[in-house]
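Chemist: Sequence:
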Amino acid sequence: MLWPSAQGTSCRAVSWKIASTAGRRKSKATRWRYTSTSSVRNSAGPASKRCVVIHRDDLRHALAIQQRLLRMVPLLSAIGSRIAGLGEAERLALRPSLATARAHLDAGTEPPPDLADAVRSLPLDASDARAWQQLIHDALADMLTEMLTLWSEVSRIEAALSGKAKLAPALARTVSETRAFPLNPDIDHAARIAAGILVTYALLCGLWYATGWHQGANAVLFSTIALAFFGGGDEPGRAIGMFARFALLATLLAGILCYGLLPLAADFATFAMMMGLFMLPLGVWAAVSPMATLLLAFGLSNINLQGHYSPPDFGTFVEASVASMLGIFTAILGAGLFRTWGVQHQLQRVLRIEAREIARLSRSPSRRLRDSYVQRALDRISVVTARLAAAGQIERSAGLLIRLRVGANVADLRSMGNALPADGRQATDRVLDQLRSEFDKPQPSSRLLALIDEALDALWPGDGSPGARPDRAIHALAGLRIALFERAPAWVPAT
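Under the working numbering, the first residue of the sequence shown carries the number 821, and numbering increases by one thereafter.
No false leads were slipped in.
So the derived label-pair ranges between C-beta atoms look like this:
(1) L991 to A1218: 32 to 42 Å
(2) P932 to S982: 18 to 28 Å
(3) D1253 to S947: 30 to 40 Å
(4) A951 to G1053: 46 to 56 Å
(5) R1188 to S982: 19 to 29 Å
If you are wondering where the hints come from, they were derived from the structure by calculation, not from laboratory data. Just so it is clear, the structure is predicted and the values come from calculations on it, not from any experiment. For glycine and all other residues, C-beta sits at the position ideal for the given N, C-alpha and C.
Make the full structure from the sequences, and use the hints.
Modeler: Take a look at the structure:
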(Lines of atoms letter the chains of each structure in order from A and count residues from 1; the text may use other names and numbers.)
(Lines give C-alpha, C1' and ligand atoms only; values in the text may rest on other atoms or scores of the structure.)
Protein backbone atom coordinates (compact mmCIF):
# COMPACT_ATOMS: atom_id res chain seq x y z
CA MET A 1 0.00 0.00 0.00
CA LEU A 2 1.30 3.44 -0.91
CA TRP A 3 0.52 6.25 1.55
CA PRO A 4 1.44 9.94 1.35
CA SER A 5 4.15 10.88 3.82
CA ALA A 6 1.94 13.57 5.34
CA GLN A 7 -0.62 11.05 6.46
CA GLY A 8 0.90 9.92 9.71
CA THR A 9 0.50 6.78 11.74
CA SER A 10 -3.24 6.97 12.32
CA CYS A 11 -4.08 6.67 8.63
CA ARG A 12 -1.88 3.60 8.36
CA ALA A 13 -3.85 2.13 11.23
CA VAL A 14 -7.08 2.87 9.38
CA SER A 15 -5.63 0.98 6.40
CA TRP A 16 -5.95 -2.25 8.43
CA LYS A 17 -9.68 -1.57 8.56
CA ILE A 18 -9.77 -0.97 4.82
CA ALA A 19 -7.85 -4.16 4.11
CA SER A 20 -10.13 -6.24 6.31
CA THR A 21 -13.33 -4.93 4.73
CA ALA A 22 -12.27 -4.72 1.11
CA GLY A 23 -13.08 -8.37 0.50
CA ARG A 24 -16.69 -7.86 1.56
CA ARG A 25 -17.41 -5.16 -1.00
CA LYS A 26 -19.78 -6.01 -3.83
CA SER A 27 -17.43 -4.71 -6.47
CA LYS A 28 -13.83 -5.11 -5.47
CA ALA A 29 -12.67 -3.53 -8.70
CA THR A 30 -14.38 -0.29 -7.77
CA ARG A 31 -12.53 -0.10 -4.44
CA TRP A 32 -9.05 -1.07 -5.52
CA ARG A 33 -6.97 -0.25 -8.52
CA TYR A 34 -3.51 -1.21 -9.62
CA THR A 35 -0.84 1.01 -11.00
CA SER A 36 2.68 0.68 -12.26
CA THR A 37 4.51 3.99 -12.42
CA SER A 38 8.09 4.77 -13.26
CA SER A 39 8.69 6.23 -9.79
CA VAL A 40 7.48 3.03 -8.10
CA ARG A 41 9.55 0.88 -10.43
CA ASN A 42 12.63 3.01 -9.85
CA SER A 43 12.30 2.83 -6.07
CA ALA A 44 11.15 -0.75 -5.69
CA GLY A 45 13.10 -2.39 -8.48
CA PRO A 46 11.98 -4.41 -11.50
CA ALA A 47 10.39 -7.09 -9.33
CA SER A 48 7.70 -4.62 -8.24
CA LYS A 49 5.62 -4.30 -11.40
CA ARG A 50 2.21 -3.70 -9.84
CA CYS A 51 1.47 -1.94 -6.56
CA VAL A 52 -1.78 -1.91 -4.67
CA VAL A 53 -2.98 1.65 -4.07
CA ILE A 54 -5.79 2.73 -1.76
CA HIS A 55 -8.80 4.06 -3.62
CA ARG A 56 -9.08 7.83 -3.44
CA ASP A 57 -12.44 7.76 -1.67
CA ASP A 58 -11.09 5.43 1.02
CA LEU A 59 -8.06 7.66 1.41
CA ARG A 60 -10.27 10.70 1.95
CA HIS A 61 -12.32 8.83 4.54
CA ALA A 62 -9.12 7.86 6.37
CA LEU A 63 -7.80 11.41 6.22
CA ALA A 64 -11.12 12.76 7.51
CA ILE A 65 -10.91 10.40 10.50
CA GLN A 66 -7.29 11.37 11.14
CA GLN A 67 -7.95 15.09 11.05
CA ARG A 68 -10.91 14.86 13.41
CA LEU A 69 -8.89 12.80 15.86
CA LEU A 70 -6.14 15.41 15.73
CA ARG A 71 -8.63 18.17 16.46
CA MET A 72 -9.82 16.23 19.51
CA VAL A 73 -6.39 16.18 21.19
CA PRO A 74 -6.19 19.88 22.16
CA LEU A 75 -9.90 19.74 22.99
CA LEU A 76 -9.37 16.90 25.47
CA SER A 77 -6.40 18.69 27.01
CA ALA A 78 -8.41 21.91 27.40
CA ILE A 79 -11.40 20.05 28.86
CA GLY A 80 -9.13 18.38 31.41
CA SER A 81 -7.55 21.69 32.44
CA ARG A 82 -10.94 23.34 32.92
CA ILE A 83 -12.35 20.45 34.95
CA ALA A 84 -9.21 20.49 37.12
CA GLY A 85 -9.87 24.15 37.93
CA LEU A 86 -13.44 23.61 39.12
CA GLY A 87 -14.44 23.67 42.76
CA GLU A 88 -15.75 20.67 44.66
CA ALA A 89 -19.40 21.69 44.32
CA GLU A 90 -18.99 22.29 40.59
CA ARG A 91 -17.38 18.87 40.07
CA LEU A 92 -20.19 17.12 41.92
CA ALA A 93 -22.78 18.94 39.82
CA LEU A 94 -20.83 18.10 36.65
CA ARG A 95 -20.76 14.32 37.21
CA PRO A 96 -24.20 13.57 35.65
CA SER A 97 -23.26 15.57 32.55
CA LEU A 98 -19.95 13.73 32.25
CA ALA A 99 -21.77 10.39 32.59
CA THR A 100 -24.13 11.43 29.79
CA ALA A 101 -21.18 12.50 27.65
CA ARG A 102 -19.44 9.16 28.27
CA ALA A 103 -22.57 7.23 27.23
CA HIS A 104 -22.86 9.17 23.98
CA LEU A 105 -19.12 8.82 23.43
CA ASP A 106 -19.38 5.03 23.75
CA ALA A 107 -22.35 4.98 21.38
CA GLY A 108 -20.75 7.39 18.91
CA THR A 109 -23.88 9.54 18.74
CA GLU A 110 -24.47 13.28 18.63
CA PRO A 111 -24.52 15.13 21.97
CA PRO A 112 -27.99 15.60 23.49
CA PRO A 113 -29.45 19.12 23.18
CA ASP A 114 -29.66 19.63 26.95
CA LEU A 115 -26.04 18.68 27.71
CA ALA A 116 -24.62 22.15 27.06
CA ASP A 117 -27.37 23.83 29.08
CA ALA A 118 -26.73 21.50 32.02
CA VAL A 119 -23.02 22.36 32.03
CA ARG A 120 -23.69 26.09 31.69
CA SER A 121 -26.01 25.97 34.70
CA LEU A 122 -23.38 24.63 37.12
CA PRO A 123 -23.46 26.38 40.51
CA LEU A 124 -21.59 29.69 40.88
CA ASP A 125 -19.89 31.16 43.94
CA ALA A 126 -21.25 34.31 45.53
CA SER A 127 -18.06 36.27 44.83
CA ASP A 128 -16.40 38.50 42.24
CA ALA A 129 -15.22 35.36 40.41
CA ARG A 130 -18.74 34.53 39.19
CA ALA A 131 -18.06 35.93 35.71
CA TRP A 132 -14.88 33.86 35.35
CA GLN A 133 -16.67 30.75 36.59
CA GLN A 134 -19.50 31.30 34.13
CA LEU A 135 -16.97 31.77 31.34
CA ILE A 136 -15.30 28.47 32.25
CA HIS A 137 -18.69 26.71 32.34
CA ASP A 138 -19.66 28.11 28.93
CA ALA A 139 -16.33 27.09 27.39
CA LEU A 140 -16.56 23.62 28.94
CA ALA A 141 -20.08 23.16 27.56
CA ASP A 142 -18.98 24.16 24.05
CA MET A 143 -15.90 21.93 24.19
CA LEU A 144 -17.83 18.87 25.35
CA THR A 145 -20.38 19.43 22.59
CA GLU A 146 -17.66 19.85 19.96
CA MET A 147 -15.78 16.77 21.14
CA LEU A 148 -18.89 14.57 21.03
CA THR A 149 -19.79 15.96 17.61
CA LEU A 150 -16.32 15.18 16.26
CA TRP A 151 -16.41 11.66 17.70
CA SER A 152 -19.85 10.99 16.23
CA GLU A 153 -18.51 12.10 12.84
CA VAL A 154 -15.54 9.75 13.26
CA SER A 155 -17.94 6.88 14.02
CA ARG A 156 -20.12 7.65 11.00
CA ILE A 157 -17.14 8.00 8.66
CA GLU A 158 -15.73 4.70 9.93
CA ALA A 159 -19.10 3.03 9.33
CA ALA A 160 -19.15 4.42 5.79
CA LEU A 161 -15.58 3.24 5.26
CA SER A 162 -16.63 -0.26 6.33
CA GLY A 163 -19.64 -0.21 4.02
CA LYS A 164 -22.13 -0.42 6.90
CA ALA A 165 -23.82 2.94 6.32
CA LYS A 166 -23.91 5.97 4.08
CA LEU A 167 -22.92 9.45 5.10
CA ALA A 168 -25.36 12.32 5.30
CA PRO A 169 -25.00 14.68 2.31
CA ALA A 170 -23.43 17.49 4.34
CA LEU A 171 -20.84 15.22 5.98
CA ALA A 172 -20.17 13.41 2.70
CA ARG A 173 -19.43 16.75 1.05
CA THR A 174 -17.03 17.66 3.85
CA VAL A 175 -15.25 14.31 3.56
CA SER A 176 -14.93 14.67 -0.22
CA GLU A 177 -13.13 17.99 0.28
CA THR A 178 -10.58 16.53 2.73
CA ARG A 179 -6.95 16.89 1.71
CA ALA A 180 -3.76 15.70 3.35
CA PHE A 181 -1.75 18.26 5.29
CA PRO A 182 1.68 19.06 3.83
CA LEU A 183 4.71 18.36 5.99
CA ASN A 184 7.15 21.24 6.36
CA PRO A 185 10.77 20.08 6.00
CA ASP A 186 13.19 20.90 8.81
CA ILE A 187 15.65 22.69 6.55
CA ASP A 188 17.88 23.90 9.38
CA HIS A 189 18.38 20.40 10.79
CA ALA A 190 19.01 18.90 7.34
CA ALA A 191 21.45 21.68 6.44
CA ARG A 192 23.48 21.11 9.61
CA ILE A 193 23.73 17.38 8.95
CA ALA A 194 24.68 18.03 5.31
CA ALA A 195 27.36 20.52 6.37
CA GLY A 196 28.90 17.96 8.73
CA ILE A 197 28.94 15.32 6.00
CA LEU A 198 30.48 17.78 3.53
CA VAL A 199 33.28 18.77 5.90
CA THR A 200 34.07 15.14 6.74
CA TYR A 201 34.11 14.14 3.09
CA ALA A 202 36.27 17.14 2.13
CA LEU A 203 38.81 16.51 4.89
CA LEU A 204 39.32 12.85 4.06
CA CYS A 205 39.32 13.34 0.30
CA GLY A 206 41.79 16.21 0.73
CA LEU A 207 44.06 13.96 2.81
CA TRP A 208 43.76 11.21 0.23
CA TYR A 209 44.58 13.58 -2.63
CA ALA A 210 47.45 15.32 -0.83
CA THR A 211 49.23 12.18 0.37
CA GLY A 212 48.29 9.69 -2.33
CA TRP A 213 47.65 7.18 0.45
CA HIS A 214 46.30 4.04 -1.14
CA GLN A 215 44.12 3.40 1.95
CA GLY A 216 42.50 6.84 1.71
CA ALA A 217 39.46 5.37 -0.01
CA ASN A 218 38.95 3.07 2.98
CA ALA A 219 38.86 6.07 5.34
CA VAL A 220 36.31 7.85 3.14
CA LEU A 221 34.18 4.70 2.96
CA PHE A 222 33.99 4.17 6.73
CA SER A 223 33.28 7.83 7.48
CA THR A 224 30.41 7.67 5.00
CA ILE A 225 29.08 4.49 6.61
CA ALA A 226 29.25 6.01 10.11
CA LEU A 227 27.47 9.22 9.10
CA ALA A 228 24.86 7.41 7.03
CA PHE A 229 23.86 5.12 9.89
CA PHE A 230 24.25 7.40 12.91
CA GLY A 231 24.65 11.00 11.74
CA GLY A 232 20.97 11.94 11.94
CA GLY A 233 20.34 10.95 15.56
CA ASP A 234 20.09 13.15 18.64
CA GLU A 235 23.58 12.16 19.81
CA PRO A 236 25.55 11.10 16.72
CA GLY A 237 28.88 11.40 18.53
CA ARG A 238 27.90 8.83 21.14
CA ALA A 239 26.46 6.48 18.50
CA ILE A 240 29.47 6.78 16.20
CA GLY A 241 31.77 6.38 19.22
CA MET A 242 30.07 3.08 20.05
CA PHE A 243 30.46 2.10 16.41
CA ALA A 244 34.17 2.95 16.66
CA ARG A 245 34.63 0.80 19.78
CA PHE A 246 32.99 -2.17 18.11
CA ALA A 247 35.01 -1.55 14.95
CA LEU A 248 38.24 -1.54 16.96
CA LEU A 249 37.26 -4.74 18.76
CA ALA A 250 36.28 -6.27 15.43
CA THR A 251 39.69 -5.37 14.00
CA LEU A 252 41.46 -7.10 16.89
CA LEU A 253 39.29 -10.22 16.56
CA ALA A 254 39.75 -10.22 12.78
CA GLY A 255 43.51 -10.15 13.31
CA ILE A 256 43.26 -13.12 15.68
CA LEU A 257 41.12 -15.02 13.17
CA CYS A 258 43.19 -14.24 10.09
CA TYR A 259 46.69 -14.51 11.57
CA GLY A 260 46.17 -16.76 14.59
CA LEU A 261 43.39 -19.29 14.03
CA LEU A 262 43.03 -19.86 10.29
CA PRO A 263 46.76 -20.57 9.67
CA LEU A 264 46.27 -23.58 11.99
CA ALA A 265 43.60 -25.07 9.70
CA ALA A 266 45.02 -27.93 7.63
CA ASP A 267 41.79 -29.53 6.37
CA PHE A 268 38.04 -28.95 6.39
CA ALA A 269 37.55 -30.30 9.91
CA THR A 270 40.15 -28.01 11.44
CA PHE A 271 38.85 -25.11 9.32
CA ALA A 272 35.31 -25.66 10.65
CA MET A 273 36.71 -25.87 14.17
CA MET A 274 38.59 -22.57 13.84
CA MET A 275 35.58 -20.81 12.33
CA GLY A 276 33.36 -22.20 15.07
CA LEU A 277 35.68 -20.86 17.75
CA PHE A 278 35.28 -17.42 16.17
CA MET A 279 31.63 -17.37 15.09
CA LEU A 280 29.75 -19.22 17.84
CA PRO A 281 30.61 -16.85 20.74
CA LEU A 282 29.86 -13.86 18.52
CA GLY A 283 26.55 -15.40 17.50
CA VAL A 284 25.54 -15.77 21.15
CA TRP A 285 26.58 -12.16 21.81
CA ALA A 286 24.65 -10.92 18.78
CA ALA A 287 21.44 -12.26 20.34
CA VAL A 288 21.65 -9.55 23.03
CA SER A 289 23.68 -6.87 21.20
CA PRO A 290 22.96 -6.25 17.51
CA MET A 291 26.26 -4.41 17.16
CA ALA A 292 28.02 -7.75 17.67
CA THR A 293 26.99 -8.58 14.11
CA LEU A 294 29.52 -5.92 13.09
CA LEU A 295 32.27 -8.08 14.54
CA LEU A 296 31.25 -10.95 12.29
CA ALA A 297 31.14 -8.70 9.25
CA PHE A 298 34.59 -7.24 9.98
CA GLY A 299 36.20 -10.56 10.71
CA LEU A 300 34.79 -12.47 7.76
CA SER A 301 35.43 -9.64 5.29
CA ASN A 302 39.19 -10.01 5.75
CA ILE A 303 39.33 -13.70 4.87
CA ASN A 304 40.98 -14.38 1.53
CA LEU A 305 39.95 -17.96 0.73
CA GLN A 306 41.03 -19.32 -2.64
CA GLY A 307 42.26 -22.85 -3.21
CA HIS A 308 44.22 -22.31 -0.02
CA TYR A 309 44.26 -19.70 2.72
CA SER A 310 46.46 -16.74 1.84
CA PRO A 311 45.92 -13.80 4.21
CA PRO A 312 47.05 -10.32 3.15
CA ASP A 313 50.30 -8.90 4.41
CA PHE A 314 50.00 -8.01 8.10
CA GLY A 315 51.25 -4.49 7.46
CA THR A 316 48.51 -3.98 4.87
CA PHE A 317 45.93 -5.25 7.36
CA VAL A 318 47.12 -2.81 10.02
CA GLU A 319 47.18 0.08 7.56
CA ALA A 320 43.62 -0.67 6.39
CA SER A 321 42.47 -0.85 10.01
CA VAL A 322 44.06 2.51 10.81
CA ALA A 323 42.33 4.04 7.78
CA SER A 324 38.99 2.67 8.92
CA MET A 325 39.37 4.09 12.42
CA LEU A 326 40.56 7.43 11.02
CA GLY A 327 37.42 7.65 8.89
CA ILE A 328 35.15 6.83 11.83
CA PHE A 329 36.71 9.37 14.21
CA THR A 330 36.68 12.04 11.50
CA ALA A 331 32.96 11.34 11.17
CA ILE A 332 32.57 12.14 14.90
CA LEU A 333 34.33 15.45 14.30
CA GLY A 334 32.11 16.30 11.33
CA ALA A 335 28.93 15.35 13.16
CA GLY A 336 29.74 17.70 16.04
CA LEU A 337 30.92 20.76 14.13
CA PHE A 338 27.48 22.16 13.29
CA ARG A 339 25.17 20.53 15.84
CA THR A 340 24.64 20.40 19.59
CA TRP A 341 23.95 16.91 20.84
CA GLY A 342 21.51 15.65 23.46
CA VAL A 343 17.81 15.43 24.28
CA GLN A 344 17.85 18.88 25.89
CA HIS A 345 18.98 20.47 22.64
CA GLN A 346 16.33 18.60 20.66
CA LEU A 347 13.66 19.81 23.08
CA GLN A 348 14.85 23.40 22.71
CA ARG A 349 14.85 23.02 18.93
CA VAL A 350 11.24 21.80 19.01
CA LEU A 351 10.27 24.73 21.23
CA ARG A 352 11.86 27.17 18.78
CA ILE A 353 9.91 25.60 15.93
CA GLU A 354 6.73 25.87 18.01
CA ALA A 355 7.43 29.56 18.65
CA ARG A 356 7.92 30.27 14.94
CA GLU A 357 4.75 28.42 13.95
CA ILE A 358 2.63 30.08 16.64
CA ALA A 359 3.96 33.47 15.53
CA ARG A 360 2.91 32.57 11.99
CA LEU A 361 -0.53 31.55 13.22
CA SER A 362 -0.92 34.91 14.98
CA ARG A 363 -0.53 36.66 11.61
CA SER A 364 -2.31 34.30 9.18
CA PRO A 365 -5.84 33.28 10.20
CA SER A 366 -6.98 30.04 8.60
CA ARG A 367 -8.77 26.94 9.89
CA ARG A 368 -6.62 24.75 7.67
CA LEU A 369 -3.43 26.36 8.97
CA ARG A 370 -4.65 25.72 12.51
CA ASP A 371 -5.39 22.04 11.84
CA SER A 372 -2.10 21.64 9.97
CA TYR A 373 -0.24 23.15 12.92
CA VAL A 374 -1.98 20.76 15.34
CA GLN A 375 -0.90 17.79 13.22
CA ARG A 376 2.74 18.88 13.04
CA ALA A 377 2.79 19.79 16.73
CA LEU A 378 1.45 16.36 17.70
CA ASP A 379 4.09 14.71 15.50
CA ARG A 380 6.79 16.69 17.28
CA ILE A 381 5.30 15.95 20.70
CA SER A 382 5.25 12.20 20.01
CA VAL A 383 8.88 12.22 18.86
CA VAL A 384 10.15 14.35 21.73
CA THR A 385 8.11 12.46 24.34
CA ALA A 386 9.75 9.19 23.31
CA ARG A 387 13.16 10.80 23.74
CA LEU A 388 12.23 12.35 27.08
CA ALA A 389 10.96 8.97 28.29
CA ALA A 390 14.26 7.36 27.35
CA ALA A 391 16.09 10.10 29.27
CA GLY A 392 13.81 9.81 32.33
CA GLN A 393 12.30 13.28 31.80
CA ILE A 394 8.78 12.32 30.68
CA GLU A 395 7.18 14.97 32.93
CA ARG A 396 8.53 17.70 30.64
CA SER A 397 6.25 16.58 27.82
CA ALA A 398 3.29 18.24 29.58
CA GLY A 399 4.75 21.62 28.66
CA LEU A 400 4.64 20.69 24.98
CA LEU A 401 0.93 19.93 25.20
CA ILE A 402 0.37 23.31 26.86
CA ARG A 403 2.16 24.93 23.92
CA LEU A 404 -0.15 23.06 21.58
CA ARG A 405 -3.18 24.51 23.35
CA VAL A 406 -1.63 27.99 23.18
CA GLY A 407 -1.14 27.63 19.43
CA ALA A 408 -4.71 26.45 18.88
CA ASN A 409 -6.08 29.36 20.95
CA VAL A 410 -3.91 31.86 19.08
CA ALA A 411 -5.24 30.56 15.76
CA ASP A 412 -8.83 30.80 17.00
CA LEU A 413 -8.27 34.32 18.29
CA ARG A 414 -6.72 35.52 15.04
CA SER A 415 -9.45 33.94 12.91
CA MET A 416 -12.07 35.89 14.88
CA GLY A 417 -10.23 39.20 14.62
CA ASN A 418 -12.15 40.71 11.72
CA ALA A 419 -15.52 39.90 13.32
CA LEU A 420 -14.74 41.70 16.58
CA PRO A 421 -15.66 45.29 17.43
CA ALA A 422 -12.89 47.85 16.98
CA ASP A 423 -11.87 48.09 20.65
CA GLY A 424 -11.97 44.30 21.05
CA ARG A 425 -9.88 43.79 17.91
CA GLN A 426 -7.25 46.27 19.09
CA ALA A 427 -7.11 44.59 22.50
CA THR A 428 -6.63 41.12 21.02
CA ASP A 429 -3.97 42.46 18.62
CA ARG A 430 -2.04 43.79 21.61
CA VAL A 431 -2.26 40.35 23.23
CA LEU A 432 -0.91 38.63 20.12
CA ASP A 433 1.88 41.20 19.66
CA GLN A 434 3.00 40.77 23.27
CA LEU A 435 2.81 36.98 22.96
CA ARG A 436 5.06 37.03 19.89
CA SER A 437 7.60 39.24 21.64
CA GLU A 438 8.03 36.96 24.66
CA PHE A 439 7.15 33.48 23.51
CA ASP A 440 10.78 32.31 23.79
CA LYS A 441 11.03 33.45 27.42
CA PRO A 442 10.95 30.81 30.17
CA GLN A 443 7.89 32.36 31.84
CA PRO A 444 5.22 34.70 30.44
CA SER A 445 5.21 38.18 31.91
CA SER A 446 2.63 39.90 34.07
CA ARG A 447 2.25 42.39 31.23
CA LEU A 448 0.80 39.64 29.03
CA LEU A 449 -1.63 38.63 31.79
CA ALA A 450 -2.78 42.24 32.11
CA LEU A 451 -3.31 42.51 28.34
CA ILE A 452 -5.38 39.30 28.32
CA ASP A 453 -7.54 40.67 31.12
CA GLU A 454 -7.95 43.96 29.26
CA ALA A 455 -9.04 42.08 26.14
CA LEU A 456 -11.56 40.10 28.19
CA ASP A 457 -12.89 43.38 29.62
CA ALA A 458 -13.23 44.81 26.12
CA LEU A 459 -15.18 41.80 24.84
CA TRP A 460 -17.30 41.16 27.95
CA PRO A 461 -20.53 43.20 28.04
CA GLY A 462 -21.49 45.02 31.17
CA ASP A 463 -24.52 42.85 31.82
CA GLY A 464 -22.66 39.61 31.04
CA SER A 465 -25.51 38.33 28.88
CA PRO A 466 -24.37 35.24 26.93
CA GLY A 467 -26.03 36.24 23.68
CA ALA A 468 -24.33 39.62 23.48
CA ARG A 469 -20.67 38.58 23.53
CA PRO A 470 -18.30 37.00 20.94
CA ASP A 471 -17.97 33.62 22.65
CA ARG A 472 -15.21 32.10 20.52
CA ALA A 473 -12.84 35.01 21.02
CA ILE A 474 -13.53 35.13 24.76
CA HIS A 475 -13.04 31.38 25.06
CA ALA A 476 -9.74 31.65 23.17
CA LEU A 477 -8.55 34.40 25.53
CA ALA A 478 -9.63 32.32 28.51
CA GLY A 479 -7.77 29.33 27.06
CA LEU A 480 -4.59 31.42 26.75
CA ARG A 481 -5.00 32.63 30.31
CA ILE A 482 -5.46 29.11 31.69
CA ALA A 483 -2.59 27.64 29.64
CA LEU A 484 -0.06 30.38 30.43
CA PHE A 485 -1.21 31.51 33.89
CA GLU A 486 -2.79 28.45 35.46
CA ARG A 487 -2.20 29.65 39.03
CA ALA A 488 -3.20 33.28 38.47
CA PRO A 489 -6.20 34.64 40.41
CA ALA A 490 -9.54 34.48 38.63
CA TRP A 491 -10.30 37.26 36.20
CA VAL A 492 -12.80 39.83 37.47
CA PRO A 493 -14.55 42.08 34.91
CA ALA A 494 -13.72 45.75 35.18
CA THR A 495 -16.55 47.79 36.64
